[in-house]
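Numbering (this note's numbering), first residue to last: 1 to 240.
There may be inaccurate statements among the hints.
Unchecked claim - With a Cα cut of at most 27 Å, we get these calculated DSS-like pairs of lysine-lysine:
#1 67 to 41
#2 194 to 41
#3 136 to 204
#4 26 to 67
#5 136 to 194
Since the hints were derived computationally from the structure, they do not count as laboratory data.
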Amino acid sequence: MKSASSQLALSVRGLSKTFTLHTQGKTRIEAFSGLDLEARKGECLVLHGPSGSGKSTLMRLLYANYKPCAGSILVRHGGSWVDMATASPRAVLAVRHSTIGYVSQFLRVIPRISSLDIVAERLISHGEDAPDAREKAGALLERLRISRRLWNLAPATFSGGEQQRINLARGFIRRYPIMLLDEPTASLDAANRKTVVELMQEAKAAGTAIVGIFHDEAAREAVADRLYDLCSREEAPDIA
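Could you build the full structure based on these sequences and the hints that come with them?
The structure is reproduced here in structure tokens:
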């Protein structure tokens, strides 16, 4: 039986974040302080709390888009641990390249790049041949019900649901050890929500640690193993 420590993919200790509003008299707003949590391989940890409780801020800290005021964010990267709170920009990029995938609520891509190439690029950047990468990207776009007529178009003019599915395809096209998912089923119809739940369950089965925000109760119940309440700073009992 594997030890609990060997199953850890992410360990957060004493994390604090305060924002200073310089245009409003340097008002300070504390997002949270002294936060501890862990994410384990093959499990989904759900961040829970009302709007404004710091869920999205925490996700950006885990991905090193924000720097914390205090604390550590240890990520198992290859055979060692990297502290995203203090890592150099080069180390952060290396972790993002190989270890942490992040699907935000919004698609941000280079203009005029086709949807198919946006998704395939994730595989090509990891050494896969372009034709094979595009074939796999097309299969995933089909699974997410993106019409073939849209594959060679840039997604800037797509609907919100279509853009979200491109975003999800780009995130799930390769297997990351850790996935950060911010409202992955928002803007999706029932059929596509079901597909995204299946993708998350497949990722968990392959050993991916998922940290997610879900206002979609049905999706949350389908994938969640543990729930962390940012208001109480406590973990709820394991979800059956």
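Going through the hints against the structure:
no.: 1; hint: 67 to 41; verdict: holds (25 Å)
no.: 2; hint: 194 to 41; verdict: holds (22 Å)
no.: 3; hint: 136 to 204; verdict: holds (20 Å)
no.: 4; hint: 26 to 67; verdict: holds (18 Å)
no.: 5; hint: 136 to 194; verdict: holds (20 Å)
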